[in-house]
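Each chain, letter by letter, is given below.
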Amino acid sequence: MSGKYKTPMLDELEKGPFPSFITEMKKATKISTTAEDALGQLEKSYQTKRGYWKHGGIVGVLGYGGGVIGRYSSLPDEFPGVAHYHTVRINQPSGFFYTSAALREICDIWDKYGSGMTNMHGSTGDLVLLGTTTDKLEAIFAEYSSRGWDLGSSGSAMRTPSCCVGPGRCEWACIDTLGLTYHLTQHFQDEMHRPAYPYKFKIKTAGCAVDCVAAIARADLSIIGTWKDDIQVDQAEVKAYADMGMNIQAEIAEMCPTECLKYDGGKITIDNKECTRCMHCIAKMTKALRPGKERGATILVGSKAPIVVGSLLSWVIVPFIKAEEPFEEVTELIENIIEWWDDNAKPRERIGELLEVKGMRPFLEAINVPPQPQQVREPRKDPFFFWTAADLEKK
Amino acid sequence: MSGKYKTPMLDELEKGPFPSFITEMKKATKISTTAEDALGQLEKSYQTKRGYWKHGGIVGVLGYGGGVIGRYSSLPDEFPGVAHYHTVRINQPSGFFYTSAALREICDIWDKYGSGMTNMHGSTGDLVLLGTTTDKLEAIFAEYSSRGWDLGSSGSAMRTPSCCVGPGRCEWACIDTLGLTYHLTQHFQDEMHRPAYPYKFKIKTAGCAVDCVAAIARADLSIIGTWKDDIQVDQAEVKAYADMGMNIQAEIAEMCPTECLKYDGGKITIDNKECTRCMHCIAKMTKALRPGKERGATILVGSKAPIVVGSLLSWVIVPFIKAEEPFEEVTELIENIIEWWDDNAKPRERIGELLEVKGMRPFLEAINVPPQPQQVREPRKDPFFFWTAADLEKK
Amino acid sequence: MALPQRQTDIGPPKFDKFLPPVIKENYGQWKYHEELSGGTMVHVAESGAKIWTVRCASPRLLSTETIREISDLADEFCGGYLRFTTRHNVEFLVSDESRLQPLVDKLTTMKYMIGGIGDRVSNIVHTQGWVHCHSACTDASGLVKAIMDDLADYFTHKVLPNKVRLAVACCVNMCGAVHCSDIAVVAVHRKVPKIDHANVTKMCEIPTTVGSCPTSAIRPNPKDKTITINEEKCMYCGNCFTVCPPIDIHDPEEDGVAIVVGGKVGSLRTDPKFSKLAIPFFYNEPPRWPKVVDAIRNILETYEKHAKKHERVGEWVERIGWERFFSLTGIEFTFQHIDDFTFMRDTMRTSAAFKY
Amino acid sequence: MALPQRQTDIGPPKFDKFLPPVIKENYGQWKYHEELSGGTMVHVAESGAKIWTVRCASPRLLSTETIREISDLADEFCGGYLRFTTRHNVEFLVSDESRLQPLVDKLTTMKYMIGGIGDRVSNIVHTQGWVHCHSACTDASGLVKAIMDDLADYFTHKVLPNKVRLAVACCVNMCGAVHCSDIAVVAVHRKVPKIDHANVTKMCEIPTTVGSCPTSAIRPNPKDKTITINEEKCMYCGNCFTVCPPIDIHDPEEDGVAIVVGGKVGSLRTDPKFSKLAIPFFYNEPPRWPKVVDAIRNILETYEKHAKKHERVGEWVERIGWERFFSLTGIEFTFQHIDDFTFMRDTMRTSAAFKY
Ligand code: SRM
Ligand code: SRM
Ligand code: SRM
Ligand code: SRM
Ligand code: SF4
Ligand code: SF4
Ligand code: SF4
Ligand code: SF4
Ligand code: SF4
Ligand code: SF4
Ligand code: SF4
Ligand code: SF4
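Read top to bottom, the protein sequences are chains A, B, C and D. Here the first sequence is numbered in my numbering, starting from 1 and rising by one per residue. Here the second sequence is numbered in my numbering, starting from 396 and rising by one per residue. Here the third sequence is numbered in my numbering, starting from 791 and rising by one per residue. Here the fourth sequence is numbered in my numbering, starting from 1147 and rising by one per residue.
Quick caveat, the hints were computed from the structure, so don't treat them as lab data. Honestly, I wouldn't trust all of these hints.
Unchecked claim - Partial list, derived from the structure: chain D residues whose beta carbon lies under 8 Å from chain C:
(1) D1417
(2) P1436
(3) T1448
(4) E1450
(5) H1452
(6) A1453
(7) H1456
(8) A1499
The beta-carbon is built from N, C-alpha and C at its ideal position, and this holds for glycine as well.
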């Protein structure tokens, strides 16, 4: 195992109950010498409290503009094994489902060309292979793609969409998150692999407002499952919860944000037209309460991390849209949204930032969505607003 | 009475139960012909849906830079009586208290020199005399000031402070709003009469968080009475309210924003350290609950109407300060606040706008107030913040 | 005629000269009050002393004749003592209980409108309008008269869930308290101002004019010593006109008023709130603006019907959600409602939970 | 060696290839689930069919050796089926109830850390750090390891009022989910970057560099084809460095991390929330950042002690008020906490009601 460098500080991180990434890195030294130097350089970072990576140059595979992050050590003489240390992003299967066979296939190829280290998975969702050199990229791509695995994305492009487990194993999924994500990933392959957008564009899909994939916070386009009709109530199960000692009044009725759910000590009644479908009652009483049957998705736009204008959460654009195979309506909407952004954004301007600059009206008009109170938390405060010539004409 | 002009549209506004300003204007025609032309021009505005006043030139009295708003008709030939139609602002007595004798004195002088019309009072608080000409201003000033009435303010100056009735007739006043307002009005006479600030500066004082003078929304500096110790509870009176049929649970306990007030069907108990002193319970059960005894004021800064950057509410700067005669501490604080603004603002920049440009730190440091969580509703979100050299030194 | 000797910087008369004896004696020693009717109340001091108040509506624009009339009434019933409120009503301060009912009766006979106390509509804070201001794009006093005539019952006796504070401002300078009122009217322009370039050159400071624009729509045109306005960016606030009169913002055909709702200033229960746009536009319809009057009544009655006791308009709307406010009042939601000024970000819905 | 024929734009394998039969058969037909322990649960379908899940912590940075080990376990107990979660944990998908306990036992023997289900701390979403990113001003993986070792009990069994989502980002690009997490760590610089002007001239697009600055601190210096930074305005975000590498933002002596709290992404009960600054700075103290670990434990335990059942960290803080959060946790309030970025206005207290 690891011998090339002494790593006293890193060794400290092999102690304790949580699985150790240092142990993982050490395991990888059995696969590649790269991994040795990765450890060595990391120990140096720990000693000196700074990173030793340089900006990536542009590296990639023929015909693709993204999917590989170029990375070079700033101390190539000291740590030659990581002089090049690129990552390869692979489109993950929706919902991060695998078989052991699939995982072994991935490992086999990676052991051949890479450092033996992975990230399962990247924050965006890709399967991330960590540490290889420029000369191996074409081979890596041929090996993976011939076996049905494609590169993920990077740069100013559609990024690999991701989603929650949804109908795969969740009783609250109001849309087929896995199917829709697979569909979108396929649909936007070109946009994913040949960066031609003003900046990155991310799509995340959650089956319900619980949002187990943080779609509303981490996607330029957030798709969240919802329903329109009444919550399904099973009063026998309500009673069962009460019998098990749940304080339904305090935990459910008093925490219902709209006060539309009442508990009379026996039964739950819901004034469904006042329900916002926040999911609290359903999540906490899963046997007794279930989403309604008229299901679809809410489409929100714009969330991102703080750089440049401060972090954003996504904004509701379309309160309800059907999202069933073959997903035509929602795909068309997404295309229109992206087209408007692509036409109007400056380089490195995310759609949320652009919307703030342009205002909602030109956007909504371009994508043909009417103004609706569901889009706002509250109307504007100051009486500073615009009128078009057309507005003035209709008296 | 009014005969010079036909005023069919205005006459419509003499109908109905609410007292009519048109009737008032007609009454004034007994005093001055000015009032006739004011009516005539107003009728024309009603007919044509637009005003006919020009911007004011600078008019005033010797040695003063404000207190008079110059106003000229844009139709002086058609309505010669309002060719000049200036308003005179008079410092109102704190709390708008008068005797009949004082009011008659005001009327007598005004009938002599003006249109016979007044605004009791202007939105800022001044006693406003409506409609006179440039040549009469000196006489008006001599007459009023010799009798103890001084001009109010206009332009880029301290504006006449105003306040709620407070200890004059309210059981909740935690500070002497009338005394403090009188003190500040006297203290800032020079700043009020000789505009030398970047822009207007308004002070309003409310005796408690009920804020019957809208201090928090309409004053660059808002002073609001508060207390620090426990709410005084009279349980016998609690019972009396219950006996009278008040639903104390729903109306008081459930509406207490901090849930710190509990009602057990007999008594009220308050967890005073969690109470925000919002005044709800006290206002709705005035016989049973009263503010504590350790009283003072919260100082807030910055509110204003929407032009230019959007409307602002005032921000808490000093959570608690003693405000008792001779009001030294609070006066000094206000002077420091104004000094910082005066030193830093561009012309036509209100203090709230300036603070947004500069940030709180230089301001708080200048006025020697430490950062405190009471100043914010919540801390910043994005990790974009500054460090001074001094900050970095103290490790 | 010789003028008396002027004095400077003397400030106002000290208020205590004008306090009735019972107030002087019990200053700061009030214990509680009781509402006796829509327009009368009594305050009781620790000492047991009492002061009765009778509140009457005032159009604020008062002739000296009316002020004298009020003074006479104060003499007859109040030992000469009276005050005005922060919302411009007149308050007769009665120290002698036996004078209370006679005063009320006399005021009633004289058609004074008694009310405004308690959970009711009080006077409308408002501004100069066409009566006096060059900036006005509606008449404030006329609107107030029309609205208050319609809501008279809510001033004199009908009880609401809580106080409802109305305001009217005749331009976006908002000299009234529109930005934090339960329901308010604010006059707005809808067309880009026309520029009289020759006079701009003569009369205006270009940097001030450029700086006056909230949306940076104005650029200097140094060649002709004037300015140009980017029509795309101008939202007709009129601030350029305030600092530079040759920029004419008035357009009688397209000027009118907007209605905003849900503001408040007190800190009771919930934090003070800004008003939000409810209805972006009504044409000016003098003398009685019937559509505006109806719209306000509709909002007020919807609130009256749906709010819980003690809920202010804004508290009620926030509890039910703005989407429900629009559906309950039947008000149309338009592009104008969606913020595109500085703070759009905070007004958009960032949640998957909402009502239909 | 000949490479196989590459294919392009094929996307990922379709997920259904990887679904265990019971999931395929009951796809979208799940009825309810039950938590069986801190790391096990069962989902029950309308049909009565069941799928058991065993969740194990993962450092995310996995060697192929470990992935093979996991695969072997999946073969032995799960018919080869497993998945990863959106927070990077491993989930073994057990279709045969009789294999559940043996799997748990085996994992326990092998020192896998089972947990993360229910009202607990789950895995920390994090980023590349010194392991791979040029932008990092701390190491994400090391911080995660140190924090999770300390909070292990909260992962495996201890129950909290609700889920607590932690995140770590190694720079303000925040590739983790820091901006909406219950408690999160974000690395920050504290000094104005140093500029290597010669290389700026060669390597950088000046307009992009100027435009990259959130506070407009960067101005072009056209004469020397470089840029200048206004030190007063720079808040060390490092975005200029991202677009123009010769602007070096790293400073080992003054770099470190901040702690933010109170964010969430779900819409349950209350709207999704941004995290807010709790502690502006700790020095980097590798390998185990003890002060950061203690600070997080302090916040977590204070939450555990004071929050109501089902309240998330941000919901609890908003109920008690931020001033109370600071007094309960004993965290010092500094100038850094007061927003002076774009949205200061919305963070200031505009109310006379607050706690001490
Ligand atoms: C690998 C990954 C972190 C991880 O450890 O998982 C990552 C790594 C990098 N991110 Fe990221 N980001 C990753 C997910 C994210 C996320 C989270 C998400 O997608 O849910 C965000 C926040 C959400 C968002 O998009 O705003 C994120 C926001 C950024 C930003 C800020 C973008 C912005 O508009 O604010 C940058 C800066 C940039 O693009 O120049 C950035 C830039 C980078 C770069 C490319 C650094 C750079 O400037 O060159 C990092 C490369 C590290 C490396 O050597 O591999 N990364 N980045 C994640 C991608 C893996 C994947 O494909 O699955
Ligand atoms: C008379 C009065 C309205 C009234 O009918 O009561 C008034 C009238 C005018 N205001 Fe005002 N303001 C009056 C109280 C206010 C208030 C309310 C307050 O003080 O509580 C405000 C909102 C609060 C604030 O200060 O922001 C107010 C915000 C403005 C503004 C916007 C200032 C801003 O920074 O947003 C302007 C525009 C300006 O200053 O150029 C303005 C400008 C004006 C001018 C001087 C118009 C102008 O641009 O020349 C008006 C003169 C009318 C006239 O002919 O007399 N007036 N003005 C009020 C003063 C009477 C008094 O002294 O008591
Ligand atoms: C006379 C006056 C003060 C003055 O110095 O002139 C005054 C006097 C009283 N107010 Fe007020 N308020 C006065 C303007 C205000 C204002 C300011 C404004 O409207 O611009 C407010 C803030 C409104 C807001 O939040 O937007 C105000 C919000 C209140 C409230 C809070 C109601 C609530 O629950 O939100 C109370 C308490 C209550 O009604 O329970 C209150 C209670 C009172 C009490 C009961 C205080 C007392 O114990 O004496 C006084 C008489 C009751 C009444 O009118 O119902 N007063 N009151 C003002 C009368 C104006 C008028 O003519 O109608
Ligand atoms: C497996 C996973 C989805 C996936 O596709 O991978 C998942 C699965 C479930 N989540 Fe989740 N959530 C998962 C990430 C999330 C996220 C996203 C995140 O953390 O980045 C959130 C949003 C957190 C937030 O709001 O900031 C999330 C917020 C919830 C909640 C809401 C808790 C609340 O009251 O605020 C529930 C409902 C509950 O716990 O009552 C929930 C409930 C569930 C249920 C019970 C849904 C179901 O019926 O199957 C699932 C198992 C329970 C559990 O873990 O306690 N899940 N869950 C994710 C597991 C991550 C992990 O390894 O720990
Ligand atoms: S987001 Fe909803 S549907 Fe998806 S896993 Fe979470 S709870 Fe289930
Ligand atoms: S989903 Fe939310 S709003 Fe609807 S009843 Fe349940 S708790 Fe209430
Ligand atoms: S603000 Fe407070 S003290 Fe002043 S009148 Fe109103 S309730 Fe009384
Ligand atoms: S003053 Fe407000 S916070 Fe305090 S006990 Fe009364 S209602 Fe509650
Ligand atoms: S609101 Fe506008 S129009 Fe009305 S008085 Fe004030 S400045 Fe004049
Ligand atoms: S009206 Fe307002 S927005 Fe339009 S140009 Fe003038 S200042 Fe700018
Ligand atoms: S957060 Fe910053 S340092 Fe960490 S991976 Fe993302 S870009 Fe790199
Ligand atoms: S570090 Fe950030 S704030 Fe400082 S100059 Fe660079 S981009 Fe601007």
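Structure-based check of each hint:
Checking D1417/D against chain C by beta carbon gives a least distance of about 4 Å; that is within 8 Å, so the hint holds. The beta carbon of P1436/D is not positioned within 8 Å of any beta carbon in chain C (closest approach about 36 Å), and the interface hint is therefore violated. For T1448/D, the suggested interface contact is broken, since its CB lies about 25 Å from the closest CB of chain C, more than 8 Å. Given the 8 Å rule on beta carbons, the hint for E1450/D is violated: about 26 Å separates it from the nearest Cβ of chain C.
With 8 Å as the threshold, the beta carbon of H1452/D stays out of range of chain C, its nearest partner Cβ sitting at about 22 Å, so the hint is violated. The criterion of a C-beta within 8 Å of any C-beta in chain C is not met by A1453/D, whose closest approach is roughly 21 Å, and the hint is violated. With a cut of 8 Å, the hint placing H1456/D at the interface with chain C is violated, because the nearest CB-to-CB distance is about 16 Å. With its C-beta approaching chain C no nearer than about 4 Å, A1499/D sits inside the 8 Å limit, and its interface hint holds.
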